[in-house]
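Given the sequences, and given the hints that come with them, work out the whole structure.
Protein chains in written order, with the numbering used here: chain D, 31 to 536; chain L, 31 to 536.
These are calculated hints, taken from the structure and not from any lab test.
All values derive from a computational prediction rather than experimental measurement.
A portion of the hints provided could be inaccurate.
Identical copies carry no separate label here, and so any pair may be met within one copy or between two of them.
Using 25 Å as the maximum straight-line C-alpha spacing, the simulated BS3-like pairs for lysine-lysine come out as follows [what the hints assert, rightly or not]: (1) Lys185 x Lys410; (2) Lys64 x Lys248; (3) Lys410 x Lys123; (4) Lys528 x Lys470; (5) Lys506 x Lys242; (6) Lys185 x Lys470; (7) Lys89 x Lys406; (8) Lys493 x Lys467; (9) Lys47 x Lys89; (10) Lys128 x Lys467; (11) Lys157 x Lys89; (12) Lys467 x Lys130; (13) Lys157 x Lys227.
Number of protein chains: 2
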Amino acid sequence: MSGSLDGVYEELISRAKEISLIYSCLSVLDWDQKTYMPPNGAEQRSGQVSLLAGMGHRKFTDPQIGELLDALVSGKYAQDDYSDEATNIRELKRQYDKAKKVPNSLVIEISKVTTLADSVWVEAREKSDFASFQPWLEKVIDLKHQYAECVGYPKEPYDALLDDYEPGATVEAIGKVLGSFRKDLVAFVEKILGSGKHPDISIVSRDYPVEKQEIFGKMAAAAIGFDFNSGRLDVTTHPFCTGLGPGDTRITTRYNPKHFNDAFFGILHESGHGIYDQGLDRNHWGTPRGESISLGIHESQSRMWENLVGRSRSFWIYFHPIAQRIFTEALQDVSLDDFYFAVNAVEPSFIRVEADEVTYNLHILVRFEIEHAFFKGDLKVADIPSTWNERYKHYLGITPANDAQGCLQDVHWSNGYIGYFPTYALGNLYAAQFFAKARKDISDLEDQFSLGQFGDLREWLRKNIHAHGQKYRAGKLVEVVTGKPLSHIPLMEYLRAKFGSLYNAG
Amino acid sequence: MSGSLDGVYEELISRAKEISLIYSCLSVLDWDQKTYMPPNGAEQRSGQVSLLAGMGHRKFTDPQIGELLDALVSGKYAQDDYSDEATNIRELKRQYDKAKKVPNSLVIEISKVTTLADSVWVEAREKSDFASFQPWLEKVIDLKHQYAECVGYPKEPYDALLDDYEPGATVEAIGKVLGSFRKDLVAFVEKILGSGKHPDISIVSRDYPVEKQEIFGKMAAAAIGFDFNSGRLDVTTHPFCTGLGPGDTRITTRYNPKHFNDAFFGILHESGHGIYDQGLDRNHWGTPRGESISLGIHESQSRMWENLVGRSRSFWIYFHPIAQRIFTEALQDVSLDDFYFAVNAVEPSFIRVEADEVTYNLHILVRFEIEHAFFKGDLKVADIPSTWNERYKHYLGITPANDAQGCLQDVHWSNGYIGYFPTYALGNLYAAQFFAKARKDISDLEDQFSLGQFGDLREWLRKNIHAHGQKYRAGKLVEVVTGKPLSHIPLMEYLRAKFGSLYNAG
Numbered sequence: 031m032s033g034s035l036d037g038v039y040e041e042l043i044s045r046a047k048e049i050s051l052i053y054s055c056l057s058v059l060d061w062d063q064k065t066y067m068p069p070n071g072a073e074q075r076s077g078q079v080s081l082l083a084g085m086g087h088r089k090f091t092d093p094q095i096g097e098l099l100d101a102l103v104s105g106k107y108a109q110d111d112y113s114d115e116a117t118n119i120r121e122l123k124r125q126y127d128k129a130k131k132v133p134n135s136l137v138i139e140i141s142k143v144t145t146l147a148d149s150v151w152v153e154a155r156e157k158s159d160f161a162s163f164q165p166w167l168e169k170v171i172d173l174k175h176q177y178a179e180c181v182g183y184p185k186e187p188y189d190a191l192l193d194d195y196e197p198g199a200t201v202e203a204i205g206k207v208l209g210s211f212r213k214d215l216v217a218f219v220e221k222i223l224g225s226g227k228h229p230d231i232s233i234v235s236r237d238y239p240v241e242k243q244e245i246f247g248k249m250a251a252a253a254i255g256f257d258f259n260s261g262r263l264d265v266t267t268h269p270f271c272t273g274l275g276p277g278d279t280r281i282t283t284r285y286n287p288k289h290f291n292d293a294f295f296g297i298l299h300e301s302g303h304g305i306y307d308q309g310l311d312r313n314h315w316g317t318p319r320g321e322s323i324s325l326g327i328h329e330s331q332s333r334m335w336e337n338l339v340g341r342s343r344s345f346w347i348y349f350h351p352i353a354q355r356i357f358t359e360a361l362q363d364v365s366l367d368d369f370y371f372a373v374n375a376v377e378p379s380f381i382r383v384e385a386d387e388v389t390y391n392l393h394i395l396v397r398f399e400i401e402h403a404f405f406k407g408d409l410k411v412a413d414i415p416s417t418w419n420e421r422y423k424h425y426l427g428i429t430p431a432n433d434a435q436g437c438l439q440d441v442h443w444s445n446g447y448i449g450y451f452p453t454y455a456l457g458n459l460y461a462a463q464f465f466a467k468a469r470k471d472i473s474d475l476e477d478q479f480s481l482g483q484f485g486d487l488r489e490w491l492r493k494n495i496h497a498h499g500q501k502y503r504a505g506k507l508v509e510v511v512t513g514k515p516l517s518h519i520p521l522m523e524y525l526r527a528k529f530g531s532l533y534n535a536g
Numbered sequence: 031m032s033g034s035l036d037g038v039y040e041e042l043i044s045r046a047k048e049i050s051l052i053y054s055c056l057s058v059l060d061w062d063q064k065t066y067m068p069p070n071g072a073e074q075r076s077g078q079v080s081l082l083a084g085m086g087h088r089k090f091t092d093p094q095i096g097e098l099l100d101a102l103v104s105g106k107y108a109q110d111d112y113s114d115e116a117t118n119i120r121e122l123k124r125q126y127d128k129a130k131k132v133p134n135s136l137v138i139e140i141s142k143v144t145t146l147a148d149s150v151w152v153e154a155r156e157k158s159d160f161a162s163f164q165p166w167l168e169k170v171i172d173l174k175h176q177y178a179e180c181v182g183y184p185k186e187p188y189d190a191l192l193d194d195y196e197p198g199a200t201v202e203a204i205g206k207v208l209g210s211f212r213k214d215l216v217a218f219v220e221k222i223l224g225s226g227k228h229p230d231i232s233i234v235s236r237d238y239p240v241e242k243q244e245i246f247g248k249m250a251a252a253a254i255g256f257d258f259n260s261g262r263l264d265v266t267t268h269p270f271c272t273g274l275g276p277g278d279t280r281i282t283t284r285y286n287p288k289h290f291n292d293a294f295f296g297i298l299h300e301s302g303h304g305i306y307d308q309g310l311d312r313n314h315w316g317t318p319r320g321e322s323i324s325l326g327i328h329e330s331q332s333r334m335w336e337n338l339v340g341r342s343r344s345f346w347i348y349f350h351p352i353a354q355r356i357f358t359e360a361l362q363d364v365s366l367d368d369f370y371f372a373v374n375a376v377e378p379s380f381i382r383v384e385a386d387e388v389t390y391n392l393h394i395l396v397r398f399e400i401e402h403a404f405f406k407g408d409l410k411v412a413d414i415p416s417t418w419n420e421r422y423k424h425y426l427g428i429t430p431a432n433d434a435q436g437c438l439q440d441v442h443w444s445n446g447y448i449g450y451f452p453t454y455a456l457g458n459l460y461a462a463q464f465f466a467k468a469r470k471d472i473s474d475l476e477d478q479f480s481l482g483q484f485g486d487l488r489e490w491l492r493k494n495i496h497a498h499g500q501k502y503r504a505g506k507l508v509e510v511v512t513g514k515p516l517s518h519i520p521l522m523e524y525l526r527a528k529f530g531s532l533y534n535a536g
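Take a look at the structure:
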């Protein structure tokens, strides 16, 4: 009996790995498309992608996978919740059930409508014309409701969407944390803005030659632990990180020769994603046990290296003199403290992707509240612009001049990514809670940073987070690593300590 | 009846296109591996390649393909030899029969042995130690004999190998042409070397900054018609051209900052391959009717643009003043005629890939004669080095100092590519015969070159060669296009006219 179950499990794993290998080929095609593919290659690429995506989908939804899973779910391998085998069975079962519950016709309809909605959105944003986008967003919402009904949910349809990006998360659980966070954060932002203090941000808008930015960015990425023998950095319009498998993790950035922050912190951010990818257990590659947990946990890694490390004073104790030697003209007269303050300027703004470390979270909270409300039916789609503007006024003290600067700025909703936004805020919350624990475990952590040493933190992350793959869902992982459930307190404490001191706004 | 045969043909074509799509994904993986893949990505890439190659092979050797072909070969579609349908049926049948005749065990054995032989060869070349390579070459020859017996041949086993690279070619047919060519060429080279004239080749060994070489090379590639909206140029150790499908043709080069010729003529060469690829009929993509004919015909396109166009005086009438403006220091004091002579220097040398336009052919003829002899059993493998050196002495008047400079220099034999070399010489012969006809059809062809106009030649090639795909086999194509069977006369006439004048050696 046990012998035959071994065979069943091996068969499941062998299939999972083959499917992952197909998807990893797709990742190569996708990376190439975004970096180097010539313009006229688009049609051929689309055919290649359809072919491989179809193969992967067919192989994964093969009823034999269902039979293998059925044979395993109640067997010996699924007994211990956190064994490698139980992890793989649990997560493959979750993915398989989701894939089988959604009829192909709905998948195709969502794909068609979001493709059209996306091009309508591009034009609507250009013209700042929400009305033209409204019917398309309504269609997308309707389809995502159908989707939620197919896959099921614990309490409300929005949970089904959340689960796609943050498996196991529910609006009830994360809503509480995000609600408390908002209350504290809005009050704290008011204090900062009332402080009357302002860094000289012109410092970061001087001439930063692209070639030098590339050298400095790669140096920092390598220093924090992104392995360039197992990865690369290229240029794309929209920066991203993609894992093509063990030994091949690729990140991208874009350079602005008149602004230091964009590429540098972008590179640290993508390196954070990349270090997570490079830290996964390669022996389990191609199975859930060797894959990342959720968008939120992935984002916790990128935000930690970008902000908690990369925007820390101790980081710049080490890197500021090096930056001065590289950007001779821009930085010769700039002190460590002025530079540190400039890269940590807090300023309410309209555009999420340009927001600072503190107000960024408010951008996310607005989106989460609005999409949860319109998906639940509590907010009419037609009322999104006015609600958006009210919330920005209320939380950030500013009102967008038009919808292009407001509710039309992001690509997510037109693409059907409803339930995605909260993972950005979760990422920041996870990051702060993990980092607080890492500081306890490594007593001289920030002294190490100021010496250019990041290996202890990286190994701590590898051991406590990366190496587990999907052994724990995100919420459980937070408890296992930090001993406590997710809370907004560590992030608020971190923000208060850092920005309270910068802005005399404790 | 006819209706059902339509369905059979459509099914065959649909399968052929899907298989080609799989192989085009493999081409993306291969290009990436040679250009940008990080070193540690090799293992994952090897898994991806095995998976897709296996899929492609299984789909192509599916017995149902054989049944479809059997139903079609005697039907209405195969009646007219040169119809699109007959072309596809004929060439797919040829490929399918070859693939089915070779047992999988032999394919695997050849792959294993050549992989090992290749690494032995690398070391043997480093140490200039033919003896250590000899038993491996013997194994390769033995396996290729087994291969030839499996697939069959018209007259002798070597024909089976030739057919892999130059479908339909036989040693009897090409041997005659190459034999006459050798006789005339050896005599002509003697005349050149006896002329006492020497260009100042130091001109092309000055400082040619890489960034400027890239600009100039891309300008020339675009001018002759390589479409950069449907292609790219990157850097690799070993230059190549690869077609990833309609709208996506990629070429590579390598730059030597102290030598003009390597990258520039390399780029023209690869552009020639690329223009062929870009000129194929995209409506037939994925079927033989939309694919290139043979290595020899492909090489005729690259050599034509590299040599017959790119090393012509009229080409440099247009490009020399531009080169002078770009390479200000290297070329300011260099006249058109001195430059033209320098890029056309004829000098016997040991290394094939560095050989000039005239002696290059002798390098190939040595290889052809030797591999034909050892494959036939007329030459012992142990005697290759001495025979090689005798021939070099006889044809080129020089003797390699060691086997690394002699019979160990090329990668082909260790890789099992026996029968490949002659396609290089065939390429030059085809190129000259096509070019002679193009000059007749376009009376002011070379005047056009001197004005930087290459469109008429490109369109002539597209119409007469590229657009046909595999409608004609190489030998037939030569007759269709030029009205005569392949002959060495056009190439000798071209060489005599050009180099006779440069060297006073008519």
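**Report entry** Up to 25 Å CA-CA - Lys242 versus Lys506, copy category
**Finding:** neither (42 Å within a copy, 57 Å between copies)
Query - Alpha-carbon proximity context of Lys89 and Lys406, limit 25 Å - result: Classified as neither: same-chain Cα gap 35 Å, cross-chain 48 Å, threshold 25 Å.
Report task. Indicate which option fits the pair Lys64, Lys248 if close means a Cα-Cα distance not exceeding 25 Å: within, between, both or neither. Result -> both (20 Å within a copy, 22 Å between copies)
Report task. State whether the alpha carbon distance between Lys410 and Lys123 is at most 25 Å within one copy, between copies, both, or neither. Result -> neither (36 Å within a copy, 63 Å between copies)
**Report entry** Lys467 and Lys130: within-copy, between-copy, both or neither at 25 Å Cα
**Finding:** Neither: 40 Å inside a chain and 63 Å across chains, both beyond 25 Å.
Query - Copy assignment of Lys185 with Lys410, given that the CA separation must stay at most 25 Å - result: The answer is within: 21 Å in one copy meets 25 Å, while 81 Å across copies does not.
**Report entry** Homomeric proximity label, Lys157 with Lys89: Cα distance no greater than 25 Å
**Finding:** neither (43 Å within a copy, 49 Å between copies)
Requested in this report: Check Lys528 against Lys470 for me: Cα-Cα at most 25 Å, and say if that holds within a copy, between copies, both or neither.
Outcome: Only inside one copy: Lys528 and Lys470 sit 17 Å apart there, 80 Å across copies, limit 25 Å.
Query raised in the report: When no copy is specified for Lys47 and Lys89, does a C-alpha distance of 25 Å or less occur within a copy, between copies, both, or neither?
Result: both (11 Å within a copy, 21 Å between copies)
Query - Same-copy or cross-copy closeness of Lys157 to Lys227 [CA-CA at most 25 Å] - result: neither (36 Å within a copy, 71 Å between copies)
Query raised in the report: Under a CA distance limit of 25 Å, which applies to Lys185 and Lys470: within one copy, between copies, both, or neither?
Result: neither (37 Å within a copy, 81 Å between copies)
Query - 25 Å Cα threshold - placement of Lys467 relative to Lys128 - result: neither (35 Å within a copy, 64 Å between copies)
Hint violations for this structure: numbers 3, 5, 6, 7, 10, 11, 12 and 13, all remaining hints satisfied.
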